[in-house]
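S.K.: For the protein sequence lines, the chains are F and Z, in the order given. Letter 137 of the first sequence, counting from 1, is numbered 137 in our numbering, and no numbers are missing. Letter 37 of the second sequence, counting from 1, is numbered 37 in our numbering, and no numbers are missing.
A portion of the hints provided could be inaccurate.
[Claimed, not checked] Partial list, computed: chain Z residues near chain F (C-beta under 7 Å): (1) S39; (2) W40; (3) A43; (4) D46; (5) P69; (6) V74; (7) M77; (8) G79; (9) L80; (10) A109; (11) T110; (12) E113; (13) Q114; (14) H264; (15) P266.
[Unchecked claim] Distance condition first, Cα-Cα at most 27 Å in a straight line; then the derived BS3-like pairs of lysine-lysine: (16) F:K50 / Z:K139; (17) Z:K181 / Z:K223; (18) F:K50 / Z:K181.
What the hints contain is simulated information worked out from the structure, not anything from laboratory work. By construction, the Cβ of each residue, glycine as well, lies at the ideal position given by its N, Cα and C atoms.
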Amino acid sequence: MGSASTNSSWSVGATKSDVLVKELTRAQIVMYAGASGDYIPLHTDEVYAKEVAGYPSVFAHGMLTMGLAGVLLTDWFGDGTLRTFGGRFRNQVWPGDTLTGHAEIVAVTSVEENGATIEIVEATLDVVNQDGAVVFQATASAAPALS
Amino acid sequence: MSQDEHPGLTREQLDPFAGKSCGPSRQSRDPIAPSDIRSWIDAIGDTNPIYVDDDASMATGRSSVIAPPAMLQVWSMAGLGGTSKSTTQDPRKELFALLDDAGFTSVVATNCEQEYLGDAVPGDWITTSEVIESVSDVKDTGLGRGHFITTVMSFTASPDPLGDGELIGRQRWRLFRFAPKNRGSGGQAGGDSDRPPRPRPAINRDNAFFFEGTLAGELRIQKCDSCGTLRHPPSPACGACQSFDWSTVAMSGRGTIHSFVVNHHPQVPAFDYPLVVALVDLEEGVRFVAEMPDTDREDVAIGLPVEVRYRKQEDDLVMPHFVLAEGSSQ
Chain F
1 MGSASTNSSW SVGATKSDVL VKELTRAQIV MYAGASGDYI PLHTDEVYAK EVAGYPSVFA
61 HGMLTMGLAG VLLTDWFGDG TLRTFGGRFR NQVWPGDTLT GHAEIVAVTS VEENGATIEI
121 VEATLDVVNQ DGAVVFQATA SAAPALS
Chain Z
1 MSQDEHPGLT REQLDPFAGK SCGPSRQSRD PIAPSDIRSW IDAIGDTNPI YVDDDASMAT
61 GRSSVIAPPA MLQVWSMAGL GGTSKSTTQD PRKELFALLD DAGFTSVVAT NCEQEYLGDA
121 VPGDWITTSE VIESVSDVKD TGLGRGHFIT TVMSFTASPD PLGDGELIGR QRWRLFRFAP
181 KNRGSGGQAG GDSDRPPRPR PAINRDNAFF FEGTLAGELR IQKCDSCGTL RHPPSPACGA
241 CQSFDWSTVA MSGRGTIHSF VVNHHPQVPA FDYPLVVALV DLEEGVRFVA EMPDTDREDV
301 AIGLPVEVRY RKQEDDLVMP HFVLAEGSSQ
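Modelling step: build the complete structure from the supplied sequences, incorporating the hints.
M.R.: Put into structure tokens, the structure is as follows:
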């Protein structure tokens, strides 16, 4: 974390990959439900998810995956520097999944803001599961500290 | 499932929702507490101290810990049993009802885009307002056929619950409301050979007479041998005089709707939805519950006359249901 100071510059093509979660547990999904206030039974009630909704089990909130992925970005660009972050939930995330995030800087621009010149970094971020399937495909922009 | 079964809603039905506000703006139930943040980062597994340790955060030039950016949506949630979407002024209720009626009963979140304009910190009251941005034409996807709904939520923060907040973020959220593949919805029974069977009633010595009756095409009801009171569902003793002596009589099968419900959810695959279930006053003076699977819910009303019909469910099991009596539809 706080790696802004270790980056001498932000350059297009720089990458960062992290394991976001290893073998996601139902307990973590339930913790996220409690912490986020999102108690939709598809995520919290195995009987409902299987027998009523017809899924193989409960699955993770999309926002849990997004939160996990956000850690990679804030670790890389520094705290409080994220400007935008969002993406598409491509596949469901199931208990037992191991998720890895792969981020890459695709643009760096200098802009004038409040009388100072700052760098805006734009990145793509793919979160893939243990089978290589993309579960969350995101973009983000940040204003990391200039070193 | 054929596409004809779910043609989708028209632009004339959908366009009025675009741009509508999802009810009045809502304030968080409490100001942000450090424990809210800790619960969330525990669930995520984030160990960054600036979210929980004031000293660590102040070392970065801030005046206190901050909430993680991706936690933004949390401040809009009303919790278990919450009322976030239950306000009568929320046009989403009407939109979702239209989509339900068109067979698009399942939901999945497909996109989330957040924009961070300021920090949320402990003590802040967060106010959210949400606007329906667009509703798509009907689309076919891997999940099934349905409509995408996009809303935009704005978040403001203020240390004063009555104060004007500062805009700290926005969230564009897209849902897909769809008719799932491989699952019947709105069709008639009997067509799906791979459909799971209907639940079988537990038949015992107290109620066997009833199912012997339906096999014979009769609606047999218990009658007390002591006081003559009719009773249903079957039970060993008379509720009026406590006598254990009883016999059965065949009803005419005619009655009137005392009340009814239209069941949408939860759905059991063996049944078709929306499912009308009626409480029928039989003309002999006893009340009976049964489904009305062939009756459109728009045609059902309290007080309408109904007649019993029978359907063979298994070789040795026939179940009663009701239809509107001839000439009674509105």
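S.K.: If a hint holds in the structure, say so; if it does not, say that too.
M.R.: Status of the hints after comparison with the structure:
For S39 of chain Z, the interface hint holds, since its Cβ comes within 7 Å of a Cβ in chain F; the closest pair sits about 4 Å apart. For W40 of chain Z, the interface hint holds, since its Cβ comes within 7 Å of a Cβ in chain F; the closest pair sits about 4 Å apart. Checking A43 of chain Z against chain F by beta carbon gives a least distance of about 4 Å; that is within 7 Å, so the hint holds. The interface hint given for D46 of chain Z holds, since its Cβ lies 5 Å from the closest Cβ of chain F, which is under the 7 Å cut-off.
Of the supplied interface hints, the one on P69 of chain Z holds, with its beta-carbon coming within about 5 Å of a beta-carbon of chain F, less than 7 Å. Given hint, V74 of chain Z at the interface with chain F, holds; its Cβ is 5 Å from that chain's nearest Cβ, closer than 7 Å. Annotation: interface hint on M77 of chain Z holds; nearest CB of chain F at approximately 3 Å, less than 7 Å. Restraint check, G79 of chain Z versus chain F: the minimum CB separation of about 4 Å is within 7 Å; hint holds.
With a cut of 7 Å, the hint placing L80 of chain Z at the interface with chain F holds, because the nearest CB-to-CB distance is about 5 Å. Interface restraint check: A109 of chain Z against chain F, minimum CB-CB distance 5 Å, threshold 7 Å, status holds. The criterion of a C-beta within 7 Å of any C-beta in chain F is met by T110 of chain Z, whose closest approach is roughly 6 Å, and the hint holds. A least Cβ separation of about 3 Å between E113 of chain Z and chain F falls short of the 7 Å threshold, and the interface hint therefore holds.
Taken as an interface hint, Q114 of chain Z checks out: its beta carbon lies about 5 Å from the nearest beta carbon of chain F, inside 7 Å. Hint status for H264 of chain Z relative to chain F: violated, with the closest Cβ pair at about 12 Å, above 7 Å. Interface restraint check: P266 of chain Z against chain F, minimum CB-CB distance 5 Å, threshold 7 Å, status holds. For the proposed pair K50 of chain F and K139 of chain Z, the alpha carbon gap of about 25 Å is at most 27 Å, so the pair holds.
As the CA atoms of K181 of chain Z and K223 of chain Z are separated by approximately 48 Å, the hinted pair breaks the 27 Å bound. Of the supplied pair hints, the one linking K50 of chain F and K181 of chain Z holds, its CA atoms being roughly 15 Å apart against a limit of 27 Å.
Checked against the numbered hints given earlier, this structure breaks hints 14 and 17; the rest are met.
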